[in-house]
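**Q** Single-letter residue listing:
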Amino acid sequence: MTQDSFEPDRELSRLFEAERRADESAAPDLGALLARRPRRRISVGRRIAWALALASLVTLAILLVDVHKGAPRQVTPPAEVVQLADWESPTAFLLDNPGSELLTEIPNLASSPANENVSSPEPTKGVTR
Amino acid sequence: MTPTELKDEIERLHAAGFAWALACCGRDRERAEDVLQTSYLKILDGRARFAGRSSFKTYLFGVIRRTASEERRRAVMSGLLLGRYRGEDHPGSRAADGAAPVEILALRSAVETLPRRQNEILHLVFSMGMTLQEAAETLSISLGAAARHYHRGKRRLAALLSARSGA
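So the protein sequences, as listed, match chains A and B. Residue 423 in this note's numbering is what sits at position 97 of the first sequence, and the numbering runs on without skipping anything. Residue 70 in this note's numbering is what sits at position 41 of the second sequence, and the numbering runs on without skipping anything.
Derived from the structure by calculation, the hints contain no laboratory data. Owing to the predicted nature of the structure, the values given are computational and were not obtained by experimental measurement. Relax, there's no trap hidden among the hints.
What follows is a set of in silico ranges between Cβ atoms, one per label pair, in the way DEER data are often shown:
(1) B/A174 x A/R336: 23 to 29 Å
(2) A/I374 x B/S83: 33 to 39 Å
(3) A/V391 x B/D74: 49 to 55 Å
(4) B/K71 x A/R336: 33 to 39 Å
(5) B/G81 x A/D355: 27 to 33 Å
(6) A/I388 x B/V105: 27 to 33 Å
We treat Cβ as the ideally placed atom computed from N, Cα and C, and that holds for glycine.
Produce the complete structure using the sequences and hints provided.
**A** Have a look at this one:
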């Protein structure tokens, strides 16, 4: 390969040359560039650590919210609801008939006749007198 | 090289280095200045060492290109992590483009459409006056790959520019 084959095209060369001259004229002062404080960069490792910490915090917050939602809450019902619950029909007494307490109370088995000491009758059949 | 010699060489190539940094940073002036400062500090601190295997210009431009790549990767990573991407295009820092002649603006917009390697090699050859061998050393690629990128890029750029001038 000869050096001639590497010769850039004249037009491209002219354009690139013009661009380079424009860029070079805009170059910052070397002393100022070296003297200025380097931009503080956060390393990738530190970024990962921050991202993990943030993710942990978010997860913790979500868990706390879930736990708080799951806990039983003591809600006082509004006064209207309480009044309605206490209302009683004027004819409610008609439902109080003998034995109605069996529907509302648990029968006491201790007072059952089966537990009472009842003497059984003596057998008479086949008994010689 | 002594620190004084290094500083002298940097001073000599500073303007061209800035033009190259602009090309590596998508013409973002703010990022180009950051990249240039970081590159100089790397050289002066001894984090990047000049072994003398190539010319100082090739070495310096290589450091600038690598630093710009690191900056770009860092920006992409932070974008992925924090949901924002500090992209190539910063309209605020590109305001100076408005004062450039129309033909240079046309060249810039055409060059931006080229793949990164073609863009870089055309800048190094046409703008910085490097040979393909020097450009290949700067980009850390083989001479064959450099020649391929150069020819493809030049053909594509010429087609783009002629299409624009014909339109």
